[in-house]
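Chemist: Chains A and B supply the protein sequences, listed in that same order.
Position one of the first sequence corresponds to residue 900 (this note's numbering), numbered consecutively onward.
Position one of the second sequence corresponds to residue 15 (this note's numbering), numbered consecutively onward.
Since the hints were derived computationally from the structure, they do not count as laboratory data.
There may be inaccurate statements among the hints.
[Unchecked claim] Some chain B residues judged to face chain A by a derived CB distance under 10 angstroms, without partners named: (1) Met72; (2) Arg80; (3) Pro83; (4) Ala95; (5) Val98; (6) His134; (7) Glu138; (8) Ala161; (9) Phe167.
[Claimed, not checked] Pairs of lysine-lysine residues, derived as DSS-like cross-links and limited to a Cα-Cα distance of at most 30 angstroms, are as follows: (10) Lys113/B with Lys44/B; (11) Lys129/B with Lys942/A; (12) Lys159/B with Lys985/A; (13) Lys947/A with Lys159/B; (14) Lys947/A with Lys129/B; (15) Lys129/B with Lys948/A; (16) Lys985/A with Lys113/B; (17) Lys129/B with Lys55/B; (18) Lys159/B with Lys942/A; (19) Lys129/B with Lys985/A; (20) Lys159/B with Lys948/A; (21) Lys55/B with Lys113/B.
All residues carry an ideal CB built from backbone N, CA and C; glycine is no exception.
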Amino acid sequence: MRSEVHRDFWRLYNALPEHIRLKAGSQAQKFLEDLAAGVEFRKSLRFKKLQGYIDHYEATVSMNDGYRAVCVRTPDSYKWVWIGDKAAFARKFG
Amino acid sequence: MGGLSELQTIDFQSRGAIAEAVLAQHASRKSRVDDPGSYRKTVGRYVEWSLRLFEVVMDQGRYLDRHEPVMDDAVYEEQHADFVDRAEVALEFGEDALKRVLELGLSGDEVRQLKEYVDHWMMELRDPDSFYGTEALAAFVEETKRAVEEDEFVEGAFGR
Numbered sequence: 900m901r902s903e904v905h906r907d908f909w910r911l912y913n914a915l916p917e918h919i920r921l922k923a924g925s926q927a928q929k930f931l932e933d934l935a936a937g938v939e940f941r942k943s944l945r946f947k948k949l950q951g952y953i954d955h956y957e958a959t960v961s962m963n964d965g966y967r968a969v970c971v972r973t974p975d976s977y978k979w980v981w982i983g984d985k986a987a988f989a990r991k992f993g
Numbered sequence: 015m016g017g018l019s020e021l022q023t024i025d026f027q028s029r030g031a032i033a034e035a036v037l038a039q040h041a042s043r044k045s046r047v048d049d050p051g052s053y054r055k056t057v058g059r060y061v062e063w064s065l066r067l068f069e070v071v072m073d074q075g076r077y078l079d080r081h082e083p084v085m086d087d088a089v090y091e092e093q094h095a096d097f098v099d100r101a102e103v104a105l106e107f108g109e110d111a112l113k114r115v116l117e118l119g120l121s122g123d124e125v126r127q128l129k130e131y132v133d134h135w136m137m138e139l140r141d142p143d144s145f146y147g148t149e150a151l152a153a154f155v156e157e158t159k160r161a162v163e164e165d166e167f168v169e170g171a172f173g174r
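Build out the structure end to end from the sequences listed, making use of the hints.
Modeler: Laid out in C-alpha cells, this is it:
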C-alpha cells in the first residue's frame, strides 16, 4: 500500500497552527512506519473508518485540539484529502 | 524529558478529582428528594469537579503532545491509552453532571464550559457521526472520488 496526498490537503495543512503541523508530521511518521511494516496502525493514531462511508478513513492528529486528517482508501493506496478541526470543517462544508 | 514528576502530579490530581466527583455524585443522588436546595448546591459542586476532571485530561493531552517527540514509542502508546481512559471517565461524569444541570435549568460560564467539554469528548470518543455525518460530507466524498479518478495525488502522508 502507498500513501499519497492531494494538493488541496497541503493548502489546509499550511494554514494550521505550527504546533498542530508538528503534531501532524509526527503522527504521519507513525502512520508511514506502520504502513511500511505492514502492521496494525498504533492505537494513538485512532485510525478508523468514517461511519456510513465505505472507503473514507480518519486519523487523529491531536485529540485534545480536535484535529483530524481524512483519507480515501483505494485498493493500493491511502489518499489524504483533508485535515482540520471541527470549526474548519464547518466553515468549509457548513 | 524531565516529565516523570510532572506525570505523577497529573496522576495524583486525576485520582483526587475522580474521587471527589464520585462523592459528589453519590451526595447529589441522596439529597435530590430530601433536600432540593442542597441538591442544587451539590450539583453545582459536581459541575466544578467535572470541569476539573476535563482540565486534568486536557493537561495530560498537552503534556503528551509536548513530550511525544522525545518519548519512547511504547511509553507514548501506554500513556496515550491512559489519557483516553481518563477522557472516558471525565466524559462519563461530565455527561451525568450536564444532565443534572439541564434538569435544574442552571446556566452560566461553568455550564457552558462543561457543555463544550462534553461535546468535544463525545465527538472524539463516541460519536464520529456528529462531526462527519452531514450532507456536506456527501459532497466532499463525491469530490474526493473525482480526485481519485483523475489521480491528483503525490506520495506522502498527512504532514510528511
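Chemist: Could you run down the list of hints and mark each one as holding or not?
Modeler: Do the hints match the structure? See the list:
At its closest, the beta carbon of Met72/B sits 6 angstroms from a beta carbon of chain A; the interface hint therefore holds under the 10 angstroms criterion. At about 9 angstroms, the closest approach between the beta carbon of Arg80/B and any beta carbon in chain A falls short of 10 angstroms, and the interface hint on this residue holds. Nearest Cβ of chain A to the Cβ of Pro83/B: about 7 angstroms, under the 10 angstroms cut. The hint holds. Annotation: Ala95/B was flagged as interfacial toward chain A, and the flag holds, the nearest CB pair being 6 angstroms apart, inside 10 angstroms.
With a cut of 10 angstroms, the hint placing Val98/B at the interface with chain A holds, because the nearest CB-to-CB distance is about 8 angstroms. A cut of 10 angstroms between beta carbons decides the hint on His134/B: the least distance to chain A is about 6 angstroms, and the hint holds. Look at Glu138/B: its Cβ gets to within about 5 angstroms of chain A, closer than 10 angstroms, so that hint holds up. The beta carbon of Ala161/B comes within 6 angstroms of a beta carbon in chain A, closer than 10 angstroms, and the hint placing it at the interface holds.
At about 4 angstroms, the closest approach between the beta carbon of Phe167/B and any beta carbon in chain A falls short of 10 angstroms, and the interface hint on this residue holds. A hinted pair counts as satisfied when its Cα atoms are at most 30 angstroms apart, and Lys113/B with Lys44/B qualifies at roughly 16 angstroms. Restraint check for Lys129/B and Lys942/A: the C-alpha separation of about 27 angstroms stays at or below 30 angstroms, so the hint holds. With a C-alpha separation of about 22 angstroms, the suggested pairing of Lys159/B with Lys985/A holds against the 30 angstroms cut-off.
Proximity of Lys947/A to Lys159/B is assessed by CA-CA distance (about 19 angstroms); at most 30 angstroms being required, the pair is judged to hold. The straight-line distance between the Cα atoms of Lys947/A and Lys129/B is roughly 26 angstroms, inside the 30 angstroms bound, and the hint therefore holds. Taken as a hint, the Lys129/B and Lys948/A pair is honoured in the structure, with Cα atoms around 26 angstroms apart against an allowance of 30 angstroms. For the suggested pair Lys985/A and Lys113/B, the alpha carbons sit about 24 angstroms apart, so the restraint of at most 30 angstroms is met.
With a C-alpha separation of about 19 angstroms, the suggested pairing of Lys129/B with Lys55/B holds against the 30 angstroms cut-off. For the suggested pair Lys159/B and Lys942/A, the alpha carbons sit about 28 angstroms apart, so the restraint of at most 30 angstroms is met. Of the supplied pair hints, the one linking Lys129/B and Lys985/A holds, its CA atoms being roughly 15 angstroms apart against a limit of 30 angstroms. Of the supplied pair hints, the one linking Lys159/B and Lys948/A holds, its CA atoms being roughly 16 angstroms apart against a limit of 30 angstroms.
Of the pairs offered as hints, the one joining Lys55/B and Lys113/B holds, with about 15 angstroms between alpha carbons and a cut-off of 30 angstroms not exceeded.
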